[in-house]
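Starting from two chains that each stand alone, build the complex the way the hints lay out.
Chain by chain, the residues:
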Amino acid sequence: MSLTPLKECEVSGRIHSFVAKAKNLLSIDEKTFSEVLDTHQKNVADYLDGKKILSAKQLFSISSFFNTPIERILDGTVDFEVLRKQFVTKEYKLPDEYLIGANGRQRTVINIFNYVLRHFGERELEVILKQFQLSLDYFNDPEELINNKFLVELLDKLQAIGYAEHDFRNMGEESYEVNKTSFLAGLMSTAVSKKELIENVFTDYIKYYDSNFHYKIQKLTDTEAIVNFHQDKDVAEALKTKKLGSMNANIMKLGVLKSLPRYIDETDFDVTIPKSIHLGDSHCAFHISYQNKPHI
Amino acid sequence: MNKLIAKPMNLGILIRIIRKSQGLTQVGLSEILGCSQSSISKYEDGILEMSALELIRFCSTLKVPYEVFERCYIDEQKAADSLPHPSTYKIKLPRHYLESCYYNIRALKPLLNYVDVHFGTDKLNQFLADELSVDPSSLFVMDVQVNDAFVKDLIAKFPVNKRDFNKYLNEEMCSFKNHGDLHLFYERSSDNLEAYKRLVKKYSLYDCAVEASIVKEEDNFIDVAFKTKRDHYLTQAFDDYYLNYLQGFGNYGNKAPVKVKHLSSKNSQDIYRVSYAS
Numbered sequence: 168m169s170l171t172p173l174k175e176c177e178v179s180g181r182i183h184s185f186v187a188k189a190k191n192l193l194s195i196d197e198k199t200f201s202e203v204l205d206t207h208q209k210n211v212a213d214y215l216d217g218k219k220i221l222s223a224k225q226l227f228s229i230s231s232f233f234n235t236p237i238e239r240i241l242d243g244t245v246d247f248e249v250l251r252k253q254f255v256t257k258e259y260k261l262p263d264e265y266l267i268g269a270n271g272r273q274r275t276v277i278n279i280f281n282y283v284l285r286h287f288g289e290r291e292l293e294v295i296l297k298q299f300q301l302s303l304d305y306f307n308d309p310e311e312l313i314n315n316k317f318l319v320e321l322l323d324k325l326q327a328i329g330y331a332e333h334d335f336r337n338m339g340e341e342s343y344e345v346n347k348t349s350f351l352a353g354l355m356s357t358a359v360s361k362k363e364l365i366e367n368v369f370t371d372y373i374k375y376y377d378s379n380f381h382y383k384i385q386k387l388t389d390t391e392a393i394v395n396f397h398q399d400k401d402v403a404e405a406l407k408t409k410k411l412g413s414m415n416a417n418i419m420k421l422g423v424l425k426s427l428p429r430y431i432d433e434t435d436f437d438v439t440i441p442k443s444i445h446l447g448d449s450h451c452a453f454h455i456s457y458q459n460k461p462h463i
Numbered sequence: 222m223n224k225l226i227a228k229p230m231n232l233g234i235l236i237r238i239i240r241k242s243q244g245l246t247q248v249g250l251s252e253i254l255g256c257s258q259s260s261i262s263k264y265e266d267g268i269l270e271m272s273a274l275e276l277i278r279f280c281s282t283l284k285v286p287y288e289v290f291e292r293c294y295i296d297e298q299k300a301a302d303s304l305p306h307p308s309t310y311k312i313k314l315p316r317h318y319l320e321s322c323y324y325n326i327r328a329l330k331p332l333l334n335y336v337d338v339h340f341g342t343d344k345l346n347q348f349l350a351d352e353l354s355v356d357p358s359s360l361f362v363m364d365v366q367v368n369d370a371f372v373k374d375l376i377a378k379f380p381v382n383k384r385d386f387n388k389y390l391n392e393e394m395c396s397f398k399n400h401g402d403l404h405l406f407y408e409r410s411s412d413n414l415e416a417y418k419r420l421v422k423k424y425s426l427y428d429c430a431v432e433a434s435i436v437k438e439e440d441n442f443i444d445v446a447f448k449t450k451r452d453h454y455l456t457q458a459f460d461d462y463y464l465n466y467l468q469g470f471g472n473y474g475n476k477a478p479v480k481v482k483h484l485s486s487k488n489s490q491d492i493y494r495v496s497y498a499s
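Line order of the protein sequences matches chains A and B.
Each residue of the first sequence is one higher than the one before, counting from 168 in this note's numbering.
Each residue of the second sequence is one higher than the one before, counting from 222 in this note's numbering.
Bear in mind the hints are in silico, worked out from the structure with no lab data behind them.
Fair warning: there could be bad hints in the mix.
What the hints assert, rightly or not - Pairs of lysine-lysine, DSS-like flavour, derived with a Cα cap of 30 Å:
1. A:Lys219 - B:Lys284
2. A:Lys190 - B:Lys344
3. A:Lys218 - B:Lys418
4. A:Lys425 - B:Lys422
5. B:Lys482 - B:Lys448
6. B:Lys344 - A:Lys198
7. A:Lys218 - B:Lys284
8. A:Lys409 - A:Lys442
9. B:Lys284 - A:Lys188
10. B:Lys437 - A:Lys324
11. B:Lys418 - A:Lys374
12. A:Lys260 - A:Lys400
13. A:Lys198 - A:Lys257
14. A:Lys347 - B:Lys422
15. A:Lys209 - A:Lys219
16. A:Lys374 - B:Lys422
17. A:Lys362 - B:Lys422
18. A:Lys260 - B:Lys418
19. A:Lys442 - A:Lys383
20. B:Lys482 - B:Lys373
21. A:Lys410 - B:Lys284
22. A:Lys386 - A:Lys409
23. B:Lys241 - B:Lys263
24. A:Lys347 - B:Lys241
25. B:Lys378 - A:Lys257
26. A:Lys188 - A:Lys252
27. B:Lys418 - B:Lys378
28. A:Lys324 - B:Lys241
29. B:Lys418 - A:Lys252
30. A:Lys347 - B:Lys448
31. B:Lys422 - B:Lys437
32. B:Lys263 - A:Lys209
33. A:Lys219 - B:Lys263
34. B:Lys418 - A:Lys347
35. A:Lys257 - B:Lys418
The structure presented is a predicted model; accordingly, all values stated were derived computationally and were not measured.
Next up, chain B with everything else stripped away, as it sits in the complex (with noise of 0.2 Å):
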């Protein structure tokens, strides 16, 4: 067990703070906790400590819940223990994540899923925090912004085994943990290719680095093209990643399953068939 440990920031500057707001002298504080008035001062300059029993009859007394000390409290691994709006997520990373920022949260969150079961939470976050000074807590906001270069970082970081990421990508999306209302594209489908015909028309909205749309449209099968504005070092890292991705999808639910085939790849452009499985 790795848990961080939260540590009490500021008890004694608290202690004096709701002392005050309630009308108490030290004195009279002390009466309360029976205690010495040296000692209240003690406690509230941080010379002294409060010993438990004196904490639960504070707060029994004065009605003050245990949580007005906590939220004061910080853990000490991390940098801040408040988040700005998303919108000014970016200003906390270094310059070279500002620029094209392709990415949200929400496309990237089976590649930081995999790097989480594989490597561990407490890596992923202890990278994030001190080597991409990025609060961790941002990544539970499906809408904070990250650029190619993040991803790039992260997989240099983590080298992540094509192979395996592939198989629990697939599995990833067959189960659809974490995609949020992507099952609404089945919900309305009659079949998993017209799902298909529905995620090609919405595509940016889960990937803004990439362009979809169908090229080729036929009674049992698709092609999608898939134009990515990717750097080149992403499209190689990731060179099955639309492969397994609609692989995915197409195993999705317990409608007729599709396959689905590299057809081309030219200028960043890839196309891929998908076509009813039988």
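Same shape as in the complex, but just chain A (with noise of 0.2 Å):
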């Protein structure tokens, strides 16, 4: 479908109206705007007026520098309350949707980051968190609190922009690389076998991980576990949703517990979802299947 000329018309008059009010908001002088439009400072009231046309890698260039998507520039949903508070005051405080029954840590969104920086560059992580109007600033330390509705959306926009099933595995399986060193990886590393380390898991240090869902280990034998979870009514009801999480979100505490056995040396678990209330189940959960070793 594409624009009629009287879309075309409010499409223009927004980017305009976007760019006069954030300018005026975050106080720009004309010199930096003539260098965001790359063009002579005596040209920017021509561009502001609508006389001069704004070319596609201006619109670019405006996007990434009021750290706004092109979408919410052109559907009129820019939060300027974010802005202000982003460019002008510092404050890298999280959105109250993001705040609303917050009962997972940072570090599972930081572990994401540092996967999309690692393979795929500042560039793209920069582009995927403007989609938020969030930047890096926000993300400093991993024990602040977020809620399950960021981390799905993130995933989702992921894989609306082409990452796969087997991306979100992998960012579960890399966390082992950022924890390795961690305080929990020290408890980790005292299990002396795999049964031993997902009793513990689900146990004890789970609510280091989700506390989002209540797990319970329906079976646990020398070769395979059956771990349920159920989400937590109280933040499924502060958060508006009948079904607490993602099949993404669910993909990667998948590659999270595969790699569990590397904490202890071992080899990876074999992990698959049965059930998920993602495909109409009552409730999720892993099957965990390996050879049980004692750990030397």
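Have a look at this one:
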């Protein structure tokens, strides 16, 4: 569906309206803005008045400079308060929509960012964070709280731009690289077998991973385990969702689970997701299989 | 405000790739965009710039997310738009930064944060990129390894005021900003002295240039030995580092604070007494 002439007029108006408002709000001087537009200072007014036509490159520059996605500029949903805090007062507090029902730590999303950085580079991550009008400045402390909504939206966004199931699984697996020197890793390394590792993780340490769900070991033998998990009703209610999390998030957790034996220098678990609320089941479950050998 | 502005790269090439992937000819695309076929040809060859409205029409009609173009942009001031796996970061450094990599970024975070706060992010990033050939973004990955020479150059470039730094470090440690799981030492300890004992046992996880051990233990104090593998110049530069580092730990949380006193220094080994403040 192409844009009609009328829509083009609206679109053009929204771009100019955004630029004018943002430029005033953030007190951007003509010289700085001329650098954004890559033009001479004397031409800035013509661009702002619509006498000169913005090029595609200039639109991307504006979007990049104001850390605002083009989509939001076009549909008029830019959060100017976030913009003001980010640029003027340098307040990097996450928007309320990601703090309501915040029962998780930023550690998980920082792991995702690390994955994006390692495999696709800093520019990629900036572009992704821009979709949320955020930047890395908001993610300095792995212990800070953040809700499940952000994780779900982030993974959905990644999927929309081409990240596949193996990326989400690898994100989980590679969290080991980031966490291997953490205190939690030290605790996990004390397990003497894969079986004990599962028991420890899902009884004692799971609270450090995920408080949005309640995990329960249904079956634990020398070769396999089944772990069920149900969403926390209070969190789901706070986030006004019937199904907390997403399939992408479950696949990422699968990756984390798969790599857990690395903390005790053992080979990875084989993990599947036999049940998921996102596939119509009443709850989610992981099936974990392994060869249990004593850890020396 | 001094922000890097992304500059477009290969916009025309991407237009051509997307057009072909959707089975469109230049004529077909020109009808969609309402321009001539020769304009499309010039856009794709980078001779002519597409307007913002044409781009919006292109993306809207062909259902192409804007990020497709943005992800192919690079910041002009950065050398690369992708980073290798952390295990290969070292090869991006000059040879003299490769030997004896004692530090991971986690251990250097307080120092880097200090430089960041006192000298500015832009200056730090430019210095890292231009003079050390280190991609600033690699400092986001906590397990990237660097060596003493890196720290020495950093301090040479940004003269660190020892007094300010130690004050900053103390405050930083108190708030435990950027220190990940360290707070778990405290959650699992009845008081800060016990937390110290746990910390000493795991100290190598945070700073593998130092061997930490408890050399004496009484009811109301412990003596901790730190033996450094660092070069002499760094020991000099940071002769108060451990004292403040330790004192910072001692002030954390609501539990009874502890005080830290330097007892002796011999053969690259310093001994500190950690005792209850009261």
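Quiz prompt | Violated constraints from the hint list, given by number and in increasing order | solution = Numbers 3, 10, 18, 24, 27, 29 and 35 - these are the hints that the structure violates, sorted from lowest upward.
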